[in-house]
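Peer 1: With the sequences and hints as input, model every part of the structure.
Protein chains: 2
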Amino acid sequence: MHTGTNLSVAPWEPLSVPTFDRNPADLGISECARLLACGELNSRALVDACLQRIGGEGKMLNAFIHVDGDMARAEADLSDLRRAECSPLSPLDGVPIALKDNIDVIGLPTTNGLGTSWMPSQDAGVVTLLRERGIVLIGKTNMHEGALGATTDNPHHGRTENPAVPGHTPGGSSGGSGAAVAARLCPGALGTDTMGSVRVPAAYCGIVGFKPSRGYWPISGVAPLVTELDTVGPMTRTVEDTAMLIDLPIERIDLEEIVLATLENFDGADVEPNAWNIYQEALARLRFAGATIRPMKLSDFDPSAARRVGFMVSEVEAMVAHESMMEACSDAFSPEFRSMLDFGARLPAARYVKAKRSLARVGRVFSEILDEADAIISLTGPQMAFPFDDEVPVTQADFTAPANFAGCPSVSLPILVAESARPVGLQVMAGIGRDADLVGIAAAIEKILDT
Amino acid sequence: MHTGTNLSVAPWEPLSVPTFDRNPADLGISECARLLACGELNSRALVDACLQRIGGEGKMLNAFIHVDGDMARAEADLSDLRRAECSPLSPLDGVPIALKDNIDVIGLPTTNGLGTSWMPSQDAGVVTLLRERGIVLIGKTNMHEGALGATTDNPHHGRTENPAVPGHTPGGSSGGSGAAVAARLCPGALGTDTMGSVRVPAAYCGIVGFKPSRGYWPISGVAPLVTELDTVGPMTRTVEDTAMLIDLPIERIDLEEIVLATLENFDGADVEPNAWNIYQEALARLRFAGATIRPMKLSDFDPSAARRVGFMVSEVEAMVAHESMMEACSDAFSPEFRSMLDFGARLPAARYVKAKRSLARVGRVFSEILDEADAIISLTGPQMAFPFDDEVPVTQADFTAPANFAGCPSVSLPILVAESARPVGLQVMAGIGRDADLVGIAAAIEKILDT
Numbered sequence: 001m002h003t004g005t006n007l008s009v010a011p012w013e014p015l016s017v018p019t020f021d022r023n024p025a026d027l028g029i030s031e032c033a034r035l036l037a038c039g040e041l042n043s044r045a046l047v048d049a050c051l052q053r054i055g056g057e058g059k060m061l062n063a064f065i066h067v068d069g070d071m072a073r074a075e076a077d078l079s080d081l082r083r084a085e086c087s088p089l090s091p092l093d094g095v096p097i098a099l100k101d102n103i104d105v106i107g108l109p110t111t112n113g114l115g116t117s118w119m120p121s122q123d124a125g126v127v128t129l130l131r132e133r134g135i136v137l138i139g140k141t142n143m144h145e146g147a148l149g150a151t152t153d154n155p156h157h158g159r160t161e162n163p164a165v166p167g168h169t170p171g172g173s174s175g176g177s178g179a180a181v182a183a184r185l186c187p188g189a190l191g192t193d194t195m196g197s198v199r200v201p202a203a204y205c206g207i208v209g210f211k212p213s214r215g216y217w218p219i220s221g222v223a224p225l226v227t228e229l230d231t232v233g234p235m236t237r238t239v240e241d242t243a244m245l246i247d248l249p250i251e252r253i254d255l256e257e258i259v260l261a262t263l264e265n266f267d268g269a270d271v272e273p274n275a276w277n278i279y280q281e282a283l284a285r286l287r288f289a290g291a292t293i294r295p296m297k298l299s300d301f302d303p304s305a306a307r308r309v310g311f312m313v314s315e316v317e318a319m320v321a322h323e324s325m326m327e328a329c330s331d332a333f334s335p336e337f338r339s340m341l342d343f344g345a346r347l348p349a350a351r352y353v354k355a356k357r358s359l360a361r362v363g364r365v366f367s368e369i370l371d372e373a374d375a376i377i378s379l380t381g382p383q384m385a386f387p388f389d390d391e392v393p394v395t396q397a398d399f400t401a402p403a404n405f406a407g408c409p410s411v412s413l414p415i416l417v418a419e420s421a422r423p424v425g426l427q428v429m430a431g432i433g434r435d436a437d438l439v440g441i442a443a444a445i446e447k448i449l450d451t
Numbered sequence: 001m002h003t004g005t006n007l008s009v010a011p012w013e014p015l016s017v018p019t020f021d022r023n024p025a026d027l028g029i030s031e032c033a034r035l036l037a038c039g040e041l042n043s044r045a046l047v048d049a050c051l052q053r054i055g056g057e058g059k060m061l062n063a064f065i066h067v068d069g070d071m072a073r074a075e076a077d078l079s080d081l082r083r084a085e086c087s088p089l090s091p092l093d094g095v096p097i098a099l100k101d102n103i104d105v106i107g108l109p110t111t112n113g114l115g116t117s118w119m120p121s122q123d124a125g126v127v128t129l130l131r132e133r134g135i136v137l138i139g140k141t142n143m144h145e146g147a148l149g150a151t152t153d154n155p156h157h158g159r160t161e162n163p164a165v166p167g168h169t170p171g172g173s174s175g176g177s178g179a180a181v182a183a184r185l186c187p188g189a190l191g192t193d194t195m196g197s198v199r200v201p202a203a204y205c206g207i208v209g210f211k212p213s214r215g216y217w218p219i220s221g222v223a224p225l226v227t228e229l230d231t232v233g234p235m236t237r238t239v240e241d242t243a244m245l246i247d248l249p250i251e252r253i254d255l256e257e258i259v260l261a262t263l264e265n266f267d268g269a270d271v272e273p274n275a276w277n278i279y280q281e282a283l284a285r286l287r288f289a290g291a292t293i294r295p296m297k298l299s300d301f302d303p304s305a306a307r308r309v310g311f312m313v314s315e316v317e318a319m320v321a322h323e324s325m326m327e328a329c330s331d332a333f334s335p336e337f338r339s340m341l342d343f344g345a346r347l348p349a350a351r352y353v354k355a356k357r358s359l360a361r362v363g364r365v366f367s368e369i370l371d372e373a374d375a376i377i378s379l380t381g382p383q384m385a386f387p388f389d390d391e392v393p394v395t396q397a398d399f400t401a402p403a404n405f406a407g408c409p410s411v412s413l414p415i416l417v418a419e420s421a422r423p424v425g426l427q428v429m430a431g432i433g434r435d436a437d438l439v440g441i442a443a444a445i446e447k448i449l450d451t
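Line order of the protein sequences matches chains A and B.
Residue 168 in the working numbering is what sits at position 168 of the first sequence, and the numbering runs on without skipping anything.
Residue 400 in the working numbering is what sits at position 400 of the second sequence, and the numbering runs on without skipping anything.
No lab work stands behind these hints, which were simulated from the structure alone.
Treat the hints with care, as some may be off.
The list makes no distinction among identical chains, and a pair is therefore deemed to hold if it is satisfied within one copy or across any two copies.
[What the hints assert, rightly or not] Subject to a maximum C-alpha distance of 20 angstroms in a straight line, what follows is the list of computed SDA-like cross-link-like pairs (lysine to any residue): (1) K354 <-> E228; (2) K354 <-> S220; (3) K354 <-> F343; (4) K447 <-> G215; (5) K297 <-> R82; (6) K297 <-> D123; (7) K354 <-> M326; (8) K354 <-> T227; (9) K59 <-> S358; (10) K354 <-> E323.
Peer 2: Dropping the structure here:
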C-alpha cells in the first residue's frame, strides 16, 4: 500500500480496487470519473488533495513550474456545481490534469522551459478541448529547456527527480508531467512529443505515455519545436486512463489474432542488457498469450542516422521559433541550448531540405510495414532512467523518433519489474489514424504485462 | 482563315466550325476526338500532319527539343487499330499531345532545359495516365532552363518564338508547349507550373493554360523544382479541350449565380496600361452577363513579397535537385542559372523555414477568400509578351504564384483582342479540389470573352 510520503516506492504497481479511505490524489483518471459520477467524491476534494500533495511531499520532485491553486479550486467548484445539477460536461468533468509548460493556458504564464515567461492571450487548442469536457487544469509541469532534450535537468527551473528512481532523470522533455503522474501528484497530464518526449519519460518513470497520430489533437498554442512532428499526448498510469483522456473507446482485441512486428533495424542500438532481458521476457509472455511476433527488417532505415537528421531539423526549426526571443533576452537560454540553436542557424537550407526529405522517406518505410503488421513493438528506448550526472546516451530517441517521422500513433507501456529495479517501457506503434486500434492493442498487452 | 505558313497571324482567334478540308493539324483536341470517333479522321493522318507542321513551318518557332516521329507514328497506328476494332481506350485515343521536356517518357531523352540529357527508366506518372487513354506522345517541348524563369530563351536549346508576336517571348517556363499549341503544331500539350509556368505562357501566346489543384495529377517522373508547388497542367486552345485533356466534364454554370472576387492587393503591381484596359473591358462584359464582381482585399498579403519568397524557396530546392548533376557536369548549367543555384546553396536553413511558412500563410489567406467567393479573377500577369531583349519584368509571376502557394486550381483564358495586339490572359482561381467547378466557370467566362 502506497503512502503519500514514500515517493521512492515504485509507483507503477497496479492499484488495488478503489477503496475510498485512500487519499483521492492516489486515484487514476477512470477511478476519479467513476467516483465523481456516483457522487462518492467531488472535484474540489480531489483537487485539494492533489494540490496538497503537489505542495507537500511532491515538492521535492520539482515536477511543476507553476501551480495556481485558486484557479484550479474555482474550476473544481464550478464542476461540482455542474455535477450537482446533473449536467456534467463529460465523464471527466472535474478531473484535474497537469500540462507541460509549453502548452498555453490563459491566466498562467508559459515558460517553454526557458528562463523567461509570457502570458498567453489564448488557450492552446487542446486546452479548449479539455475545458469543453470540464477538465480542471491543475498546473504547468517542468520540462527540458525548449523541449529539445530528454533529461528535464532544467537550467532555469531545476531538475525534476524521477519518483521511481531517486537521483535519476525522469527522461524528457515532458519529464515534469511524467514525474507528476508517476508520483500520483495528479491523475494524468499532457506532454508533447516531437521525437519521443512523451514516451521516453513515460518509460523512465513507469507510466503510460501515448503519442497520437499527427493531427489527432491540435498543436495551436503549443510552443513550436518542429511543427510537422510536434504532437500533444496524454500521460497516465493505465491504458484505460489514457483512453478516457484522449477520448477513445477501448476496443476488445484478441491477441491471438494480431501480428506484432519487431524490427531488426533496432538491434544495432546499444541496448542496456537488463532492459533487453526484461523486453525478451515481455515478448515471451506475449507469445504465450497467443500473439504472433514476427521479426522484420526495413531495407532502407538506420535508426541512428534518422535520429541525427531529426535533431538537425529540430535545431533549425527551434532557431526559427526562438530567434526573436534570443535577440530580446538571450539570458533566457542556457549556453548549451544556444549552441544547438547556433548550429541550426548555420545550417544551409539545402541540407535542411534533404533532411526533411529523408525523414519523409523514413515515414514512408514505416507506413509500409504498418500495412503488413497490426503494430510494431520494441523497447521504448535502448536505455532506462540514468543518474543525472551520467552522459546522455546518444541513442536515447532512436526507437521513438520514427513514429514522429511517420506521423503514426505510438504508446509506451510500463513493463512490470521488480520493486527495486528501474522501470522499462514497451513501445507499440500502429498505422497513421489507427489510434483507436492502438488503444485496444495496448490494453490487451497491458493485461499480459501486468499479470 | 489561317494558313499554315502565316504563323504571325494571331492564333488565338476562335476556330470556325470544323470543316474537313482543313489541315488536320489545325484541329483542337475536342474536334480531333469527334472526327476520330466518327471515322472521318485517323490518328496516323493527324499525327503525320502535326509532324509535318512541326518539322516544316513550325521549325522556326523552335518549340520542340526532341521529336521522335517513328515512335509517334507507331503509337498512332496502334490507336487506329484499336479504333478499327471499336475498342478505343478513351475518347482521346489517337490524339497527339506534346510534353514539356521536364516530363519523363521512356525512350525519349529528358533535358529539363539543361545542356545535358538522360534517358529515363520510367514514364512520369502523368504519362502513364495519358498512355492509358491512348494519347499519342508527339514530342518534348522547349522550356526555360530548369523550369526556373519565364522567357524560354534557353541558352542550350535556343529561344522559342512567340507565334502570336514575332520577336517576343512566349513566356515560360512552359514556353515551348505554349508556342506549339498556339501555332497549331499539335492540338494540346502539357506544361508544368510551379509559380505560373503553365499560365504565363498561355497568356503570352493567347491560349488556355490550366494549373489543377495540387495532387490532381501525379508529379512523379517530373524533374523537381519545388515539389510542394510543382503541378502538371494542360495547355490547349479552348476550355473544352482542356476539360477533355484533364478528363473533367464541363458543368453548366450560370454566371448570374456566381461571385467573382477581384483582389485590390494586385493593384500595386506595375500593370501595363493596355492590359489593364482590356481587363477592365472583360470585367465589364462579365458584369453585363450578370456576374457579380466583388472587389476584395486580403489584409495580410503582398504579392511581390510572396513572389520573392517563392523564388527564394525555388532556388534552394533547385539547388538540392541539381546538386549532383552540377558536380558531374557544371557545363550543363548556364552562368545565370548557376548563380541562382549558388544563391540557393548559400541561404541559411532558418530563412528557408520562414519562407516556407510565409508561403503557407499566403495559401491560407487565399483559401479563406475562396470560401467566400466562387472564384478570384485577375489578369494572368501584369505584363503581356515582351521582346526578348527587354529586361524581364520582376512582377511577372505576382498574380500566378499565389495559386501554387494555396495549391488551388487556376486557369488562364485568352481575352479576345484585336488581331495585331499582343494576347492578354484572364486568370480565374477556385478553391482547392474544385477543379471541376473551375472548368465550368472558365467555360462560361470563355463564352463571354469570345463574343
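Peer 1: When Cα atoms must be at most 20 angstroms apart, do K354 and M326 count as within-copy, between-copy, both, or neither?
Peer 2: between (27 angstroms within a copy, 16 angstroms between copies)
Peer 1: Is it within a copy, between copies, both, or neither that the alpha carbon of K447 lies no farther than 20 angstroms from that of G215?
Peer 2: Classified as neither; 29 angstroms inside a copy, 44 angstroms across copies.
Peer 1: From the Cα coordinates, with 20 angstroms as the cut-off, is the pair K354 and S220 best called within, between, both, or neither?
Peer 2: between (27 angstroms within a copy, 17 angstroms between copies)
Peer 1: Should K297 paired with D123 be assigned to within, between, both, or neither, using CA atoms and 20 angstroms as the limit?
Peer 2: Neither, since 43 angstroms and 29 angstroms both go past 20 angstroms.
Peer 1: Evaluate K354 and F343 at a C-alpha cut-off of 20 angstroms and name the case that applies: within, between, both or neither.
Peer 2: The answer is both: 16 angstroms in one copy and 17 angstroms across copies each meet 20 angstroms.
Peer 1: Could you place K354 and E323 in one of the four classes (within, between, both, neither) given a Cα distance threshold of 20 angstroms?
Peer 2: between (23 angstroms within a copy, 11 angstroms between copies)
Peer 1: How would you label the pair K354, E228 (within, between, both, or neither) given a Cα cut-off of 20 angstroms?
Peer 2: Both, since 15 angstroms and 14 angstroms are each at most 20 angstroms.
Peer 1: Within, between, both or neither: how does the pair K59, S358 come out at a Cα-Cα threshold of 20 angstroms?
Peer 2: neither (43 angstroms within a copy, 43 angstroms between copies)
Peer 1: As a check of your reading, is K354 near T227 (CA-CA no more than 20 angstroms) within one copy, between copies, both or neither?
Peer 2: both (17 angstroms within a copy, 12 angstroms between copies)
Peer 1: Is the C-alpha distance from K297 to R82 at most 20 angstroms within one copy, between copies, in both cases, or in neither?
Peer 2: neither (53 angstroms within a copy, 45 angstroms between copies)
Of the hints listed earlier, those the structure fails to meet are numbers 4, 5, 6 and 9, in rising order.
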